[in-house]
Amino acid sequence: MTTPTLLQGQVTVGDTLPELAYPVTATTVVLGALAARDWRPMHHDKDFAVNRNGTRDIFLNTPNLASWFERYITDWTGPFGRLQRVTFRMKGSIFPGDTMVFRGAVTDTGVDDTGCGWAALEITVSVDGDTKTSCTARVALPVADDDNPWARKGDRWVP
Amino acid sequence: MSAIGIDDIEGLLGVALYEEVGEFPVEQGYVWTTCSSVENGNPLFWDPEVAEEVTGGPIAPPTMVSVWFRPHHWAPDRSTPGLPLQIHFDLKEGLGLPEAVMSDNTIVFHEPVRPGDLLRTSQILKSVSDEKTTKLGTGRFWVIDVEYHNQRGELVAVESYTGFGYRRAGTGEAS
Chain D
0 MTTPTLLQGQ
10 VTVGDTLPEL
20 AYPVTATTVV
30 LGALAARDWR
40 PMHHDKDFAV
50 NRNGTRDIFL
60 NTPNLASWFE
70 RYITDWTGPF
80 GRLQRVTFRM
90 KGSIFPGDTM
100 VFRGAVTDTG
110 VDDTGCGWAA
120 LEITVSVDGD
130 TKTSCTARVA
140 LPVADDDNPW
150 ARKGDRWVP
Chain V
0 MSAIGIDDIE
10 GLLGVALYEE
20 VGEFPVEQGY
30 VWTTCSSVEN
40 GNPLFWDPEV
50 AEEVTGGPIA
60 PPTMVSVWFR
70 PHHWAPDRST
80 PGLPLQIHFD
90 LKEGLGLPEA
100 VMSDNTIVFH
110 EPVRPGDLLR
120 TSQILKSVSD
130 EKTTKLGTGR
140 FWVIDVEYHN
150 QRGELVAVES
160 YTGFGYRRAG
170 TGEAS
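Here the protein sequences line up with chains D and V, keeping their order. Each residue of the first sequence is one higher than the one before, starting from 0 at the first, in numbering that gives the first Met the number 0. Each residue of the second sequence is one higher than the one before, starting from 0 at the first, in numbering that gives the first Met the number 0.
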């Protein structure tokens, strides 16, 4: 029997998510590009990236970065966390050799009119202290051990 | 559709365009490839018992929704790959704005996507601004929604993109 690891009532504004630091290699970038079906050469061909795009190397593609943010959020919530919405603002690229660092904090939390608990998060991924992409997200969380946001449908799911 | 000129915009706002069915059904293998690429160990995607208990069977990570629409790099009977966000390129062409950037991207998640689902998508122009000048140049902002539905007609996600199409400062008409 799987039970929730994080309930909405355990979350407070200002709580921080555990930091995640990850050393990015060319393999990270190419794996991410293939996983996201992004065949554009700046995500696997360094010569193209440098000489045609003018970047210093190949770089992570945005849809794969979305997968990184999702993983970062659900590492914190556990499997009962159900994403409601995410917004990304891209500021800079992430290259092999960079250590990308995810940090996040709870900016708001509540229970909507249908009884669904949620937390709002502000998350950044940075390299050497420079934010490369910021993300705001809202994730549904169970309000009790026997509650499951994934069971919601139709007008009981208001993301 | 082709180039979208300024006189076309009013009639197109809110209209579902470029309806398209995915080239292949949502696939468990890609779910694992994606989870593996970001070292996502969420048991929903790896442990069938947890998936059965929590989500009523396997699902795909919600943020993968656009992955199911990226065309194969090559396919028989196709000369050029289709473009996701075609409407963005048609606006650039029709409004004579050779450069463009996407400033932000929001995804709202509805019904879970499951292996075997065949999704379809449509692009909806939500707004186009008057001409504005930013440090990049002079042009217009637009908002495009991409709606995703499953084969049962249920809404699974809506992506919103804000784009800014522009002419570089100091350049005249678009070439």
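Hints may contain errors.
[Stated by the list, open to error] Using C-beta positions, here's what the derived DEER-type ranges look like:
(1) D:9 with V:168: 49 to 55 Å
(2) D:112 with V:153: 38 to 44 Å
(3) D:26 with V:1: 36 to 42 Å
(4) D:143 with V:55: 41 to 47 Å
(5) D:17 with V:31: 38 to 44 Å
(6) D:51 with V:5: 40 to 46 Å
(7) V:105 with D:127: 24 to 30 Å
(8) V:105 with D:52: 21 to 27 Å
(9) D:143 with V:135: 47 to 53 Å
(10) V:7 with D:17: 48 to 54 Å
(11) V:167 with D:51: 34 to 40 Å
(12) D:127 with V:18: 43 to 49 Å
(13) V:77 with D:112: 45 to 51 Å
(14) D:143 with V:1: 27 to 33 Å
[Claimed, not checked] Below, in silico cross-link-like pairs of lysine-lysine (DSSO-like), each with a Cα-Cα straight-line distance of 30 Å or less:
(15) D:152 with V:131
(16) D:152 with V:125
(17) D:45 with V:131
(18) D:152 with D:90
(19) D:152 with V:134
These aren't lab readings, by the way, just hints derived from the structure by calculation. Even glycine gets a Cβ: it sits at the ideal position worked out from N, Cα and C.
Hint check, failures only:
Per hint list: 2, 4, 5, 6, 11, 14, 15, 17, 18, 19 violated.
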